[in-house]
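Asks: With chain U held as given, fit chain F onto it using these hints.
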Amino acid sequence: MKPLVLTHYTATSCLGAGLAPTLEALRATRSGLAPCRFLDVELDTWVGSVAGLEDVALPPASRGFDCRNNRLAFLGLGQDGFDAAVRDAARRLGADRIGVFIGTSTSGILETELAYRNRDPVTGALPERFNYVGTHNTFSVGAFVREALGLAGPASVVSTACSSGAKAFGMAARMIELGLIDAAIVGGVDSLCLTTLYGFHSLQLTASRPCRPFAADRDGISIGEAAAFALLERPSPRDGVHSIALLGVGESNDGFHLSTPHPEGLGARLAMRAALKAASLAPEAIDYVNLHGTGTLSNDLAESIAVEAVLGSHTRSSSTKGATGHTLGAAGALEAVICALALREQFIPGGSSTGVADRSLPVDYVGRATNAPIAHVLSNSFGFGGTNCSLALGRLA
Amino acid sequence: MTALTAYLTGIGVVGPGLADWPGTEAILAGRRSYLYAEPMLPPPDTLAPTERRRAGRVVRLALAVGLEATRRAGRDPADLPVVFASSGGDGDNCDAICQTLASPNRALSPTRFHNSVHNAPAGYWSIAAGARVATTTVCCYDASFAAGLLEALVQSASTGVETALIAYDLDYPPPLRAARATATPFGVAFLLHPARADGAIARLSARVAPGLPDRLAHAELSSLADTNPAARSLPLLEAIARRRTDAVKLPYLEPAILEVEVTPCG
Numbered sequence: 022m023k024p025l026v027l028t029h030y031t032a033t034s035c036l037g038a039g040l041a042p043t044l045e046a047l048r049a050t051r052s053g054l055a056p057c058r059f060l061d062v063e064l065d066t067w068v069g070s071v072a073g074l075e076d077v078a079l080p081p082a083s084r085g086f087d088c089r090n091n092r093l094a095f096l097g098l099g100q101d102g103f104d105a106a107v108r109d110a111a112r113r114l115g116a117d118r119i120g121v122f123i124g125t126s127t128s129g130i131l132e133t134e135l136a137y138r139n140r141d142p143v144t145g146a147l148p149e150r151f152n153y154v155g156t157h158n159t160f161s162v163g164a165f166v167r168e169a170l171g172l173a174g175p176a177s178v179v180s181t182a183c184s185s186g187a188k189a190f191g192m193a194a195r196m197i198e199l200g201l202i203d204a205a206i207v208g209g210v211d212s213l214c215l216t217t218l219y220g221f222h223s224l225q226l227t228a229s230r231p232c233r234p235f236a237a238d239r240d241g242i243s244i245g246e247a248a249a250f251a252l253l254e255r256p257s258p259r260d261g262v263h264s265i266a267l268l269g270v271g272e273s274n275d276g277f278h279l280s281t282p283h284p285e286g287l288g289a290r291l292a293m294r295a296a297l298k299a300a301s302l303a304p305e306a307i308d309y310v311n312l313h314g315t316g317t318l319s320n321d322l323a324e325s326i327a328v329e330a331v332l333g334s335h336t337r338s339s340s341t342k343g344a345t346g347h348t349l350g351a352a353g354a355l356e357a358v359i360c361a362l363a364l365r366e367q368f369i370p371g372g373s374s375t376g377v378a379d380r381s382l383p384v385d386y387v388g389r390a391t392n393a394p395i396a397h398v399l400s401n402s403f404g405f406g407g408t409n410c411s412l413a414l415g416r417l418a
Numbered sequence: 019m020t021a022l023t024a025y026l027t028g029i030g031v032v033g034p035g036l037a038d039w040p041g042t043e044a045i046l047a048g049r050r051s052y053l054y055a056e057p058m059l060p061p062p063d064t065l066a067p068t069e070r071r072r073a074g075r076v077v078r079l080a081l082a083v084g085l086e087a088t089r090r091a092g093r094d095p096a097d098l099p100v101v102f103a104s105s106g107g108d109g110d111n112c113d114a115i116c117q118t119l120a121s122p123n124r125a126l127s128p129t130r131f132h133n134s135v136h137n138a139p140a141g142y143w144s145i146a147a148g149a150r151v152a153t154t155t156v157c158c159y160d161a162s163f164a165a166g167l168l169e170a171l172v173q174s175a176s177t178g179v180e181t182a183l184i185a186y187d188l189d190y191p192p193p194l195r196a197a198r199a200t201a202t203p204f205g206v207a208f209l210l211h212p213a214r215a216d217g218a219i220a221r222l223s224a225r226v227a228p229g230l231p232d233r234l235a236h237a238e239l240s241s242l243a244d245t246n247p248a249a250r251s252l253p254l255l256e257a258i259a260r261r262r263t264d265a266v267k268l269p270y271l272e273p274a275i276l277e278v279e280v281t282p283c284g
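Chains as they are written, first to last, in my numbering: chain U, 22 to 418; chain F, 19 to 284.
The shape of chain F in the complex, shown without the other chains:
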């Protein structure tokens, strides 16, 4: 398949023991040792108080990584088309709704209901940014990160406009947790510029091909990469952190993988 190319101009990361991209980069490059800590999911400071109160963990996670990427790159979120990618969306909210619907009084809270849409983080993001540019929200189960990256690269190539990817997944509460084991929250954001841009971190060139996905070299983070769909980006983040030319095979729809060539810039 034809390869799609873009320049990575910004990154944001939040995960267990991974507070931001510079910290994650140092850990993945082997410059800093990894220490587990619960992921920090601060309420987004860009949301008005009413929305901030209504924003669950999934919204906090998605906005945190998106805002880190745009702030590091000095971009205004209002100008960026964004592809949101998540396998499970808001599991906390889904559990609460299903509990209510299984109870004698099925009356739902309106906020619970409007938060139930898979594109709720995209909605909060565009409200916070005052953005009218298009966003989309995709799901591809365990391949959601690769599908989101592919869609963001497609959009950036097709429109010629810098496009963001925000991928995120969280753990489900019980009883859904037993049916779908997802590790602690992990989110990642990329800004993808269709042409070589100032401050570009790396050039990414991706294509769908047959193959087997790569394993993460970092031993302590490999179980996270196996059990959170968004954290399946970790082998790619590792290649970016090591600042070497590399080709990373990401899990996609078996027997296909998304092969991403990483070429450091500058």
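This is chain U alone, in the form it adopts within the complex:
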């Protein structure tokens, strides 16, 4: 594919709102995880929650979209001048020439979960104020982002569990390449809810301490929440010499199991190889891999086998989920933005502040953030249903 420039990008997670606190935490290998105090949840686990969502107010015209997920989206859009940059692009290109492609897994389902607690005792009806289309429906965050930014181009929400935020980049890239649109807002937004907290707990996949990806004593994930966005455009002479670009997207399936990765990472290998092919990059050109690295025994083992098969065992790699938690449908977008920061600032984010690397896993796992010249990176995102997506990003020469 032809490279597409991330002309603007931003991320909001438990590390903070916007790029500055995100970068500071990544530089310091600091985690934003804390013991779970979400609502009345009584689970022995840690989460990466975004502070202040209770106080976020949506614009009056968008009140029908009010829910934790869209508040998180709105908070995220307001950071780093992202919303203003999109409005500039809309004036330049036309609002109908900019697409919106957002990944989410659970959208505003929290509203429904809470509405079920408040059913009419006689009829069982949900409370009158429950707004399905603005909150629960998977497209809600796409409709909200499109409306909040005043855009009128094609839009879709991609919901493929934990690869959603990465696959949004693929949708946008294909549409820009075919000339249907000139630019796209891509991103991922996912927020804490009871379904994922109790669901991952039911699978015995939540860690009781902060998650420790690729550590010898890893025992599961920490669930996080995030909103991350990028404005994708074709390269132009206005771009700086070190612009960050999406170079390739690779997608595949395991065709193996709904909630367990293929033990040898066969699908993951296909996704990474497809991303390299789309980017016209040789495996040795990759300087860093932002691993899916959830911290479960099975994911990290399978992914390490896949990375070794595609790149060998000497490519430096880390999972930033120890810092942000697993932000599920937002993870692919959040980690693409983290890769953009790594390329911009020329450093490798650290993979852990607590764990001891599992030396039996055949990857060069970077524990603490370190400066390094990096030109090309891969970002892996895999999910339930056996879905895999790998993004290749790099600096334009």
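Read the hints as simulated data drawn from the structure, not as lab findings.
Incorrect hints may appear among the rest.
The calculated label-pair distances, taken between Cβ atoms and stated as ranges, are [stated by the list, open to error]:
#1 F:R195 / U:T281: 31 to 41 Å
#2 F:S127 / U:P394: 47 to 57 Å
#3 U:E366 / F:A227: 36 to 46 Å
#4 U:A393 / F:R195: 50 to 60 Å
#5 U:P394 / F:A125: 46 to 56 Å
Every value quoted in this text rests on a predicted model; they were computed, and no experiment measured them.
No residue lacks a Cβ here, since even glycine has one placed at the ideal position from N, Cα and C.
Replies: Here is chain F on its own, set in the frame of chain U:
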């Protein structure tokens, strides 16, 4: 906007009183009268017994139409990239999870949880087919069929590979039904070949444009087309069934529509 073109090489349909594509085609073309019947959602014979037991109505619906389209066209599902499109996904499962989470004991069943992802039908499909080619799952509320068709046409044009679309939506159980009225299950599958292929049924050429969506001519099915996002494909299926050159305006993101030109082949 630039038009996207593909050749329709296979169709599958399941809906109320609509058992398959040949039956639906005869009804929409006016050759057969319509008679309401509950949609048949057989457990997919391609799934292993464990997965078959875990597969809810949404998985049965999606796989039924997908398998009809691939079997009629003689394609191996393992080779096909697929775009899945649904507004509501698995409402039965969502209701069960929300009931549990609102009860004193919030422990979820692991199967309920892994079935809760919007891409669960895509997961079952690829497991059944042993497919490692990419699938995706999109949602665009009431415009989910048009958004899915657009994405499948984009993928087919972009990769040069025959790509499937599987669009499906089901009714929600109460109490969600009161907040989101969706008519009985309806699913449709298309195989879309980027170049003229043997056995092509029609050439489809689609573009996003301003406009108002067309109404379905078939009176008895028009309420289905209004109340099930996947059944918003019915005006397009009607044009295909009538085997005439036609242009159909499908609901998309207002004030835009997806205009699809249909040219019969052969």
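Asks: Let me make sure I understand: some of the numbered hints might not hold for this structure. Which ones are they, in numerical order?
Replies: none
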